[in-house]
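In case you want the letters, here they are:
Protein chains: 2
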Amino acid sequence: MAYRLGIDIGGTKIAIGLVDDDGEIVHQGKFATGETIRSYDEAVPGLGGLIRSFCEHLGLEAAQIRSIGIGIPGVIDYSVQTITSCPNLSALDNLALGPCLTEELKIPVWVENDVNLIALGEYHYGRGQGCSDAAYIFVGTGIGCGLILNKDLYAGSNGTAGEFGHMTIVPDGLQCGCGNRGCLEMYCSGKALTLKAQEAAVAHSRGWSSAYELIQAGREGDPVALPILEESFRYLGMGIANLVNLLNPAMVVLGGGILTGWPAGLQTVQDVLRSSLREIFWRHLQIEYPLLGEKAGLLGAAVYARSKAAGWS
Amino acid sequence: MAYRLGIDIGGTKIAIGLVDDDGEIVHQGKFATGETIRSYDEAVPGLGGLIRSFCEHLGLEAAQIRSIGIGIPGVIDYSVQTITSCPNLSALDNLALGPCLTEELKIPVWVENDVNLIALGEYHYGRGQGCSDAAYIFVGTGIGCGLILNKDLYAGSNGTAGEFGHMTIVPDGLQCGCGNRGCLEMYCSGKALTLKAQEAAVAHSRGWSSAYELIQAGREGDPVALPILEESFRYLGMGIANLVNLLNPAMVVLGGGILTGWPAGLQTVQDVLRSSLREIFWRHLQIEYPLLGEKAGLLGAAVYARSKAAGWS
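Protein chains in written order, with my numbering: chain A, -10 to 302; chain B, -10 to 302.
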């Protein structure tokens, strides 16, 4: 049996999965990011050591691993296989992680944006299988988006496609950390709802300080929370309508912690889509939840490693 | 020498070009749409007759034409090769134009959206050659957009991709004919500027009734016209920034009569892009004028016919 390693490097945890060619995660482990990636210089030996000990622990030799896919919360410049921007894990900034780990381990290693790999995992083993075009949108603290176009991951000319959260949804609107004003992420995300909760707490004497508390209040029917949540997801609906007008995907897969917390948001999104898209655009569109949860990123990393290494191993 | 016919069917004129494999338009003709396509029933015999007489006039036999590509101002459902929506030429609505003409002429005929074929023509013989991903945007009476992604025309799951003009740019903004509110087309297009000109004529005692007159006044430095044009192209810039965030094309090709009339709009668009996109997104992006003008649609139709018929002839 041939195996791949799928790895997801997050700000606090590194998940590793041993994945077989049927897309089964045979073994899985989680490790603290801070202990493995202490600095730019220690990132490659740190990750190399972690991968080696993960394999040893399973009684595997490195040669049994065909290739490795790694998801990182940043942007990769494919032309030089270098991480050009990794805001929450700056030790990886400007690191040619793929080539360096390939050299270190003598196994081909490919690095991609984490949300792109989640989209790829869902597309291959979860929701959206068989669609030629699908958009995967995750509303969590921020908004993540991965695109499958013409049956393949679409990353754009410089690997930065899918910045759906930084679509201007309100001209001259709220200042976003990216430098732009009125980004969707400032209106519908954990970050946005936390700000809204804190504003509403002051204005309406509520004890809210987080998105979670606002959503909890909404679930209990609080008349202040409900219109805030409704408005927030209306903006998400407008953003998705814009994406659909531009890309005409067969499916939009919509997930993430904020949507899971407030599933009524899906109905709001669908109402906006129905009222703003022409019937011919709306008729064939499916909006669905993702199916794989945390596994998606590891499976996507393994799929990516398999496809990229096809000409290698 | 192998020839293709490239045909562009517009609301008033039908252009036909005889195109060789080097992308040269060897011969070209223009005909009145109304005399050729009188009704749904007469569309296929009408077009068939026009194509036959065009060839006869050139001393060509049908067998010398390898395939035919046709651009129409509407949407095609690829699964059944049927025109599902053709607002300005309703005789073509629900017509399986490609298959019917193929049957009529015994030459493979392929039908696509006209703006998609203009994008394809520019991409192959004009601006954007060699880019893996490029967006072609034309600001005329309305806004047209064709996408080249991964070096090929991207039409979406149902052929409706590229509806850039119906991106919501102002939430709950101006009512658009499509049923949505706040579409970009209501803020930056010939239609939009005509409305703005008429409003400003009343409010500021100007003699304007058309976009043309507003633009003319802007060129003469009129202090009422200038901010209207500036604002209009700022919205276009926001729309393009949204497209770039989502798709990360290497190039945006920007043309059409309104932009040609008001070339300062290009600077406005670039200013908006520079201020709203992160540097990593902006750094590699090229904004360029198209190169081919009217020829683009005929050449794109011929390219399309060649690529689609590759497995056919």
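Hints are supplied without guarantee of correctness; some may be wrong.
Each pair may be met inside one copy or between any two copies, as identical chains are not told apart.
[To be verified] In silico SDA-like links for lysine to any residue, alpha-carbon gap of 20 Å or less:
| id | residue 1 | residue 2 |
| --- | --- | --- |
| 1 | 140 | 68 |
| 2 | 297 | 184 |
| 3 | 140 | 264 |
| 4 | 185 | 67 |
| 5 | 185 | 25 |
| 6 | 180 | 239 |
| 7 | 185 | 163 |
Honestly, the hints are just simulated from the structure, not real lab data.
Against the structure, the hints:
In this assembly of identical chains, the alpha carbons of residue 140 and residue 68 lie at most 20 Å apart only when taken from different copies (17 Å versus 22 Å within one copy). For a Cα distance limit of 20 Å, the shortest separation of residue 297 from residue 184 qualifies neither inside one copy, at 41 Å, nor across copies, at 52 Å. Proximity of residue 140 and residue 264 under a CA criterion of 20 Å is satisfied in neither setting, with 29 Å inside one chain copy and 34 Å between copies. Proximity of residue 185 to residue 67 under the C-alpha cut-off of 20 Å is found in neither arrangement, the shortest distances being 38 Å within a copy and 45 Å between copies.
Taking CA atoms no more than 20 Å apart as the test, residue 185 paired with residue 25 passes in neither setting, with 36 Å inside one copy and 60 Å between copies. In this homomeric assembly, residue 180 and residue 239 never come within 20 Å of each other (Cα to Cα): the closest approach is 29 Å inside a single copy and 31 Å across copies. In the homo-oligomer, the alpha carbons of residue 185 and residue 163 lie at most 20 Å apart inside one protomer (12 Å), although the nearest pairing across protomers, at 27 Å, exceeds that limit.
Going through the hint list in order, the structure does not satisfy hints 2, 3, 4, 5 and 6.
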